[in-house]
Amino acid sequence: MASYRKKALALVAAASMATALAACGSGGGSSNSGTKAGATGGTLTYYIKAALEHTDPQRTYVGRDITDWSRTVYRQLVTFPVSDDPTTATTPVPDLATNTGTSSDSAKTWQFTIRPGVTWQDGKAITCADFKYGASRPFATDVVTGGPNYILTYLDIPIDSKTGLPIYTGPYKSSAAGTAAFNKAITCAGNTITYHFKKSWPDFPLAIAALHMMDPYRQDKDQGDKSNYQIFSNGPYELQGTWDKETGGTFVRNPNYKASSDTTGSRKALPNKIIFNIGKTSETIADQLIADSGPDKAAVTGQSIPPSYYSQITGSVASRAASVVSPYTDYAVINFKRITNVKVREAIAASTNDTGWVTAGGGAKSFKEAHDIVNPAVKGYQPDLYPAGAGDPAKSKQLLQEAGVKTPYPLTFTYPSSDTMDKQAAALKQGWEAGGFKVTLEGVADQDTYYTNIQAPAQKDDVIWAGWGADWPSAITVTAPLFDSRPNLTPSSNGQDYGGYKSSAFNALVDQAQGSSDLDAQTKYLQQADQVLAKDVAYVPLDTQIFYMLRGSDVTGYKTDAASNSYPDLGVIGVK
Amino acid sequence: MLAYIVRRLFAGGILLVAMSMITFILFFAIPSDPAQFACGKNCSLAQRAQVRKGLGYDKPVAVQWENFAVGVFKGRDYPDDKSLAKSAPQLIAHCAAPCLGYSRVNLQTVTQEFKQRIPVSASLALAAFLMWIIGGIGLGALAAVWKGTIIDRGVVGISLVFYAFPTFFVGLFLLKYLAIKWQVFPVPSYISIADGGLWNWFVNLILPALTLALFYMAGYVRMTRAFVLESMSEDYLRTAKAKGLAPRKILYKHTMRAALTPLVTMAGLDLAGLLGGAVITESVFNYNGLGKLVVDSVITFDLPTVVGLVLLLGAFVIVANIIVDILYALIDPRVRVG
Numbered sequence: 142m143a144s145y146r147k148k149a150l151a152l153v154a155a156a157s158m159a160t161a162l163a164a165c166g167s168g169g170g171s172s173n174s175g176t177k178a179g180a181t182g183g184t185l186t187y188y189i190k191a192a193l194e195h196t197d198p199q200r201t202y203v204g205r206d207i208t209d210w211s212r213t214v215y216r217q218l219v220t221f222p223v224s225d226d227p228t229t230a231t232t233p234v235p236d237l238a239t240n241t242g243t244s245s246d247s248a249k250t251w252q253f254t255i256r257p258g259v260t261w262q263d264g265k266a267i268t269c270a271d272f273k274y275g276a277s278r279p280f281a282t283d284v285v286t287g288g289p290n291y292i293l294t295y296l297d298i299p300i301d302s303k304t305g306l307p308i309y310t311g312p313y314k315s316s317a318a319g320t321a322a323f324n325k326a327i328t329c330a331g332n333t334i335t336y337h338f339k340k341s342w343p344d345f346p347l348a349i350a351a352l353h354m355m356d357p358y359r360q361d362k363d364q365g366d367k368s369n370y371q372i373f374s375n376g377p378y379e380l381q382g383t384w385d386k387e388t389g390g391t392f393v394r395n396p397n398y399k400a401s402s403d404t405t406g407s408r409k410a411l412p413n414k415i416i417f418n419i420g421k422t423s424e425t426i427a428d429q430l431i432a433d434s435g436p437d438k439a440a441v442t443g444q445s446i447p448p449s450y451y452s453q454i455t456g457s458v459a460s461r462a463a464s465v466v467s468p469y470t471d472y473a474v475i476n477f478k479r480i481t482n483v484k485v486r487e488a489i490a491a492s493t494n495d496t497g498w499v500t501a502g503g504g505a506k507s508f509k510e511a512h513d514i515v516n517p518a519v520k521g522y523q524p525d526l527y528p529a530g531a532g533d534p535a536k537s538k539q540l541l542q543e544a545g546v547k548t549p550y551p552l553t554f555t556y557p558s559s560d561t562m563d564k565q566a567a568a569l570k571q572g573w574e575a576g577g578f579k580v581t582l583e584g585v586a587d588q589d590t591y592y593t594n595i596q597a598p599a600q601k602d603d604v605i606w607a608g609w610g611a612d613w614p615s616a617i618t619v620t621a622p623l624f625d626s627r628p629n630l631t632p633s634s635n636g637q638d639y640g641g642y643k644s645s646a647f648n649a650l651v652d653q654a655q656g657s658s659d660l661d662a663q664t665k666y667l668q669q670a671d672q673v674l675a676k677d678v679a680y681v682p683l684d685t686q687i688f689y690m691l692r693g694s695d696v697t698g699y700k701t702d703a704a705s706n707s708y709p710d711l712g713v714i715g716v717k
Numbered sequence: 469m470l471a472y473i474v475r476r477l478f479a480g481g482i483l484l485v486a487m488s489m490i491t492f493i494l495f496f497a498i499p500s501d502p503a504q505f506a507c508g509k510n511c512s513l514a515q516r517a518q519v520r521k522g523l524g525y526d527k528p529v530a531v532q533w534e535n536f537a538v539g540v541f542k543g544r545d546y547p548d549d550k551s552l553a554k555s556a557p558q559l560i561a562h563c564a565a566p567c568l569g570y571s572r573v574n575l576q577t578v579t580q581e582f583k584q585r586i587p588v589s590a591s592l593a594l595a596a597f598l599m600w601i602i603g604g605i606g607l608g609a610l611a612a613v614w615k616g617t618i619i620d621r622g623v624v625g626i627s628l629v630f631y632a633f634p635t636f637f638v639g640l641f642l643l644k645y646l647a648i649k650w651q652v653f654p655v656p657s658y659i660s661i662a663d664g665g666l667w668n669w670f671v672n673l674i675l676p677a678l679t680l681a682l683f684y685m686a687g688y689v690r691m692t693r694a695f696v697l698e699s700m701s702e703d704y705l706r707t708a709k710a711k712g713l714a715p716r717k718i719l720y721k722h723t724m725r726a727a728l729t730p731l732v733t734m735a736g737l738d739l740a741g742l743l744g745g746a747v748i749t750e751s752v753f754n755y756n757g758l759g760k761l762v763v764d765s766v767i768t769f770d771l772p773t774v775v776g777l778v779l780l781l782g783a784f785v786i787v788a789n790i791i792v793d794i795l796y797a798l799i800d801p802r803v804r805v806g
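Going down the list, the protein sequences come from chains A and B. Numbering-wise, the first sequence is residues 142 to 717 according to my numbering. Numbering-wise, the second sequence is residues 469 to 806 according to my numbering.
Incorrect hints may have been included.
SDA-like, lysine to any residue: derived pairs with alpha carbons at most 25 Å apart [stated by the list, open to error]:
(1) B:Lys644 / A:Glu424
(2) B:Lys521 / A:Lys665
(3) A:Lys399 / A:Phe373
(4) B:Lys644 / A:Ser644
(5) A:Lys570 / A:Ala544
(6) A:Lys303 / B:Ala514
(7) A:Lys570 / A:Ile454
(8) A:Lys303 / B:Ser555
(9) B:Lys527 / A:Leu306
(10) A:Lys314 / B:Lys527
(11) B:Lys649 / A:Ser434
(12) A:Lys438 / B:Val652
(13) B:Lys649 / A:Gln364
(14) B:Lys554 / A:Leu306
(15) B:Lys554 / A:Ser315
(16) A:Lys367 / B:Lys649
(17) A:Lys340 / A:Gln655
(18) A:Lys265 / B:Gln558
(19) A:Lys362 / B:Gln558
(20) B:Lys644 / A:Thr294
(21) A:Lys340 / A:Gln252
(22) B:Lys521 / A:Gln252
(23) B:Lys583 / A:Gln364
(24) A:Lys190 / A:Ser559
(25) A:Lys314 / B:Pro557
(26) B:Lys649 / A:Ile454
(27) B:Lys644 / A:Gln252
(28) A:Lys340 / B:Ser512
(29) A:Lys303 / B:Ala517
(30) B:Lys550 / A:Gly319
(31) B:Lys649 / A:Asp433
(32) A:Lys367 / B:Asn535
(33) A:Lys303 / B:Lys521
It should be emphasised that the hints constitute simulated quantities derived from the structure, not laboratory data. Bear in mind the structure is a predicted one, so any value in this text is a computation, not a measurement.
Could you build the full structure based on these sequences and the hints that come with them?
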């Protein structure tokens, strides 16, 4: 998944607009949790720069929105709790279910019992049928688009050889055979729902805590695409009026929400009202929060402070800034069609000036050097996989000599051009050239088509920049979608395997991970798979992005954590 | 005159048809896939194909354009899926004639989008237009009359400064200092007269309108000054002076009238362009007008909105040209249309 820093790219890219589970922690001297917990009442404003693409639970796929909705309007079977401890914050707790689910048949079958007394905003009970209906919606792939659709590949429904998709085509129109298959794959017995998968899904609870794809949905409220901005709540708040795509919406208390039915401890619902204000530029949001007057005193944002404003973040303003490690990792992939000699790839990795890349990008307030493509908060992270640092030119030259290639070795690097990225690319170029390469930088001005271009099988650049974040806190949502050649490489596209990497050893380990019924065993296989990638130098991790966010002085209990994807956690934030 | 207007309107209609065709062709010529964008992450080729079908982009471009053209006269259903209409009619959105299309990004017909956006852009354009016309022509005439003096140099110099600064800089500067830091004005957001009354509508318009007006005003100061000076050297004005006409009468009745003719052309086209949205100003001040819609619809590959906007903005310019030509005749008796 791509980061917000590259929003324009993310809009277009296949690797875009997804959720992520974030690392928590502080950097740059600021804190990720500040001010004491507050009392109930008041109005909190949440500034968001760009319009949300969806508010439909099955279509929501942006980390910030997932966590905002989890805390306010969309409860899940299980959810991630508020916690400063990344492990606790990424361990599911029961929410609408009575427990975190029980699995059988090598994690191919999962069963949950729905908590009694949980209701929708109109007071009607949330039923097993609502969960089943919610799970059916992503199968309408021509209507409910843009969301996470893992259920299509997991749920035990035969594939239609004509379309390559499940024979069940969603609740709006499907064949009798498709509907029957779906009814067999998900069954309701009273308040107990059972999911039958065609392959093991040991981290299913992680997936449904991290995403809203399996949330309940009321059939009588469904108008397909027309429901994209409808919010029908079962959480502590409800939408007042309608959601305006361009300006946002106001949430007030949901009178039918019973706090006693919520044991997560993660929905304190302190403000009486939450206003989502959409459309201001990052600069204006920063200006307003720095000025800290009027309603802005009780405002938060998920928008990072623009680097040009860093010099203004001093004194009392600095005490209102949080610097948090984000869930997003940037990395460089090596084009395997062009750089076939592993020694040359090793030389590229050895001479990568990661320190220079981070410094040129704004330093510790913007980036942190990365040691793995897997984020530090994600299961399977290996802190010693890559050394990072300023690079080792001498080692690089030696490797090139061992490769038996003529030096300086010509190398092209493509990336989406911007003022910052140009400087960062120049830092990489310096490191690589010191290591025996002759580098040509290929900055792509048209950021909207960047990902489409690097997916082309005839891609002519040697090293390619990309960004990603995990869909749920498991490496299965990082290395597998990015480097498994089987679903990615087709005659017309490299998919998300931008470098055209193909490895039977890696694919075999992914298969073993996907077949594991145990989460720890799965993680072990994925770590081994990541080591294969490192050995082949399929990628070089560059940075983990830092979120550097301001808040108003009347905000209480401010917190960002792994459960909130590093964005302000509305579960505990209040106002004076 | 009537025949002239009808002829021009007919030519304008043909131009709009051509523009819609070119937009369709260009939309599908760019190396981006709207289906991939809509499908999102983790989208297989099979899913993408389904999304493409759902969006109606699987049909040949000519068929899509034909459907669009038919929809303008007869209206259309979105999605145009008869089996879906039968099994789940609540999913179908009807776009009544004249249907310019239905935006699956904004979940409304393009004409509904325009109804919401035009008042925003029109308010901004008209407020800015009044500011720059009054300021630009007034100061330009002043500079011409006081040619060579400190007033002339001061007016021309300051106007050059505002002309040189990019609009986004002036906008952000006004927003940061006048609204956020010194709080002389509220942080602007568009409030319609119906929702907030005339005063709120006006106060919230001042900064964005001023941002636009300062840029345009600078050009109009320079042009007015040049046209007035040129007119002042005409023989008939010398004659007027020799006949003893009052200087004020010479300026207002004879000099300005001649100088205004080219300015009317400029003003008409500038206003038409602005009615179509001020992209940067609307983005800086978060005014959800047509300019912001242009940017958003291009970024989100929203073909129906893109086509609708091209036609609307094209229509603005065509109509403005016709009005300008007619105004020519009214202002300058030497000009005849026909």
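Here is how each hint holds up against the structure:
1. B:Lys644 / A:Glu424: Holds, at roughly 9 Å.
2. B:Lys521 / A:Lys665: Since the Cα atoms of Lys521 of chain B and Lys665 of chain A sit roughly 41 Å apart, the hinted pair is violated (cutoff 25 Å).
3. A:Lys399 / A:Phe373: holds, 16 Å
4. B:Lys644 / A:Ser644: Outside the cut-off at roughly 54 Å; violated.
5. A:Lys570 / A:Ala544: Distance ~20 Å between Lys570 of chain A and Ala544 of chain A Cα, so the pair holds.
6. A:Lys303 / B:Ala514: Given that 25 Å is the threshold and the Cα spacing comes to 10 Å, the pair holds.
7. A:Lys570 / A:Ile454: Violated, because 31 Å separates the two Cα atoms, which is more than 25 Å.
8. A:Lys303 / B:Ser555: holds, 22 Å
9. B:Lys527 / A:Leu306: holds, 21 Å
10. A:Lys314 / B:Lys527: holds, 21 Å
11. B:Lys649 / A:Ser434: holds, 9 Å
12. A:Lys438 / B:Val652: holds, 19 Å
13. B:Lys649 / A:Gln364: With a Cα-Cα distance of about 45 Å, the restraint between Lys649 of chain B and Gln364 of chain A is violated, given a limit of 25 Å.
14. B:Lys554 / A:Leu306: holds, 23 Å
15. B:Lys554 / A:Ser315: Answer holds: Lys554 of chain B to Ser315 of chain A is near 12 Å, not above 25 Å.
16. A:Lys367 / B:Lys649: violated, 41 Å
17. A:Lys340 / A:Gln655: holds, 8 Å
18. A:Lys265 / B:Gln558: holds, 22 Å
19. A:Lys362 / B:Gln558: Status holds; Cα separation ~10 Å.
20. B:Lys644 / A:Thr294: violated, 50 Å
21. A:Lys340 / A:Gln252: Distance ~15 Å between Lys340 of chain A and Gln252 of chain A Cα, so the pair holds.
22. B:Lys521 / A:Gln252: Judged against 25 Å, a Cα distance of about 35 Å means the pair is violated.
23. B:Lys583 / A:Gln364: holds, 24 Å
24. A:Lys190 / A:Ser559: holds, 19 Å
25. A:Lys314 / B:Pro557: Distance of about 11 Å is within 25 Å: holds.
26. B:Lys649 / A:Ile454: It holds: about 15 Å lies between the C-alpha atoms, which stays within 25 Å.
27. B:Lys644 / A:Gln252: violated, 55 Å
28. A:Lys340 / B:Ser512: The hint holds at about 18 Å.
29. A:Lys303 / B:Ala517: Holds. Lys303 of chain A to Ala517 of chain B sits at ~12 Å (cutoff 25 Å).
30. B:Lys550 / A:Gly319: holds, 19 Å
31. B:Lys649 / A:Asp433: Holds - the C-alpha atoms of Asp433 of chain A and Lys649 of chain B are around 10 Å apart, at most 25 Å.
32. A:Lys367 / B:Asn535: Roughly 22 Å separates the two Cα atoms, so the pair holds.
33. A:Lys303 / B:Lys521: holds, 15 Å
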